[in-house]
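Listed below, chain by chain, are the residues.
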Amino acid sequence: MSEHILEVRHLSKAFGSHAVLKDIDFTVDQGDVTSIIGASGSGKSTLLRCINLLETLTTGEILFHGQDVTKGKINQSSYRAKVGMVFQSFNLFSNMTVLANCMIGQQKVSGIPKEEARKRAIYYLNKVGMAPYINARPDQISGGQKQRVAIARALSMEPEVLLFDEPTSALDPEMVGEVLDVMKSLAKDKMTMLVVTHEMSFARDVSNHVVYMADGVIEEAGPPSVIFTNPQSQRTRDFLKRILNA
Amino acid sequence: MFTQLLSDIGGLWEKYGTVYLTGIANTLILAITATLIGCIIGFFCGILQTIPCGPNENIIKRVLLKLIRIIIRAYVEIFRGTPMILQAVFIYYGMPYFFGVSFKDIWTVSIIVVSINTGAYMAESVRGGIMSIDPGQFEGAKAIGMNHWQTMLYVILPQTLRNIMPQIGNNYIINVKDTSVMFIIGFSDFFAVHKMVSGAVFKYFPSAFMEMFGYLCLTLLASFLLRKFEKKLAGKSNYELVNADQLVMTAGNYNYPGEGSPFDEASKDYKGEAK
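First to last, the protein sequences are chains F and U.
Using our numbering, you'd call the opening residue of the first sequence number 1 and step up by one each time.
Using our numbering, you'd call the opening residue of the second sequence number 1 and step up by one each time.
You may find that some hints are simply not true.
Distance ranges between label pairs, derived from CB positions [what the hints assert, rightly or not]: (1) F:184 - U:238: 28 to 36 Å; (2) U:238 - F:243: 37 to 45 Å; (3) U:223 - F:243: 55 to 63 Å; (4) F:201 - U:235: 32 to 40 Å; (5) U:66 - F:223: 47 to 55 Å; (6) U:101 - F:15: 52 to 60 Å.
To be clear, the hints were calculated from the coordinates, so they are not data collected in a lab.
Glycine included, C-beta positions come from ideal geometry on N, C-alpha and C.
Given these sequences and hints, build the entire structure.
Spelled out as structure tokens, the structure:
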């Protein structure tokens, strides 16, 4: 068995009696850009939150480099530090400046000295084009800028995998582009990414793997060329027809 | 009538001015110290009460957390639900009974009583403050790997502090006035001076007048300073773009992340040093 960076096995998640995810299986390899698409309520975000252990799974396991992270033995904090997450609602720390947002995790979680953390934070803020704003506070910048800072914050931890939970859904249409640009440049840099998105163009053009979810199961998965041009499942076909013609 | 009052006050001031001032100083020191310690107790309770406890945690941790919550709950209910004047008597005279020790220093016992009383109120204020923080802030902190203490210390509590500043101010002002009940165990605060002086010279109303005026000045001053502090906590409303720093690229080209900066491999100007 080859070494997958992330492997989800038989994952199920229920809120009370409501099963949101049913027996999900999939793997992520180094350098993969995986897009998870599907209608609202199909469990995409929950899946991502389970992978980052923000939700506890009902059953199943998540293997990170072959090691199960859902059991008590592994250090959850260091796992989370290696698997970054970008949220729909940014979740920047509103009591800190842009720069401090990108430094705090490095300093407190990874124990990197201040100067080094600062350099690294500015390096990644540069990457997302937000370096001139290091003194701004989150409530002083626009949504697209916040999301770019959030990406820089996640990158500053130098994660092995980056999870995106609908990163552009809360943005004004004219700000979607700048965030997608950043994500494209990350994909070019061979960052391993797992993206829940409604941006079909991103799924089609940038990712090399597309997962279509419906009602808590993976209905169909494969390379975008297959999913978008020749989907096997009727539900996938219906979904794509609806969303692409909208 | 007013001239009579003024001359009485003048007389009192001349004779007991320094005593009144010492009373004010004592009141202020007690109120400030106790409010600060009370806040620390409150924040501590806040952190302890919000330790997450999932069904997957082991049984010892769950029992322990449950116990902590019960203790905090009891503490809050008892000290919020009984008069401070009684708590003072209870602790001051109770200690010799239970532990065979009595307080030598009236300051220590006064600070303890007022602090734990304030702490009980603050614990609830802090809990409310923490609940008012957007859950996304917790998730953002967790997602970069922070544990509960780090999340609380660096992200949640600073925001909570800002939100409950009016509550803290409330508590401080209440303390300035309510420390007057500590005369019951012999603490010589501002109000105790009134009792002492008026008992000695039988000038009840002029002394009370001075006290009223004095307390009002103390609380008005506190309100004013707290407002200033709140403004300061809210932070500046503007920021400066940083263009001078060598590590920072100039503003304007951020719409083209592909082209990047001199520190980005994608750039023509890239010179090799990565980070």
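Structure-based check of each hint:
As the Cβ distance of residue 184 (chain F) to residue 238 (chain U) is approximately 32 Å, the hint placing it in 28 to 36 Å holds. For the hinted restraint 37 to 45 Å between residue 238 (chain U) and residue 243 (chain F), the CB-CB distance of approximately 42 Å keeps it satisfied. For residue 223 (chain U) and residue 243 (chain F), the Cβ-Cβ distance of about 57 Å falls inside the hinted range of 55 to 63 Å, so the restraint holds. Restraint check, residue 201 (chain F) to residue 235 (chain U): a C-beta distance of roughly 39 Å satisfies the suggested window 32 to 40 Å.
For the hinted restraint 47 to 55 Å between residue 66 (chain U) and residue 223 (chain F), the CB-CB distance of approximately 51 Å keeps it satisfied. In this structure, residue 101 (chain U) and residue 15 (chain F) meet the distance hint of 52 to 60 Å, their C-beta atoms being roughly 54 Å apart.
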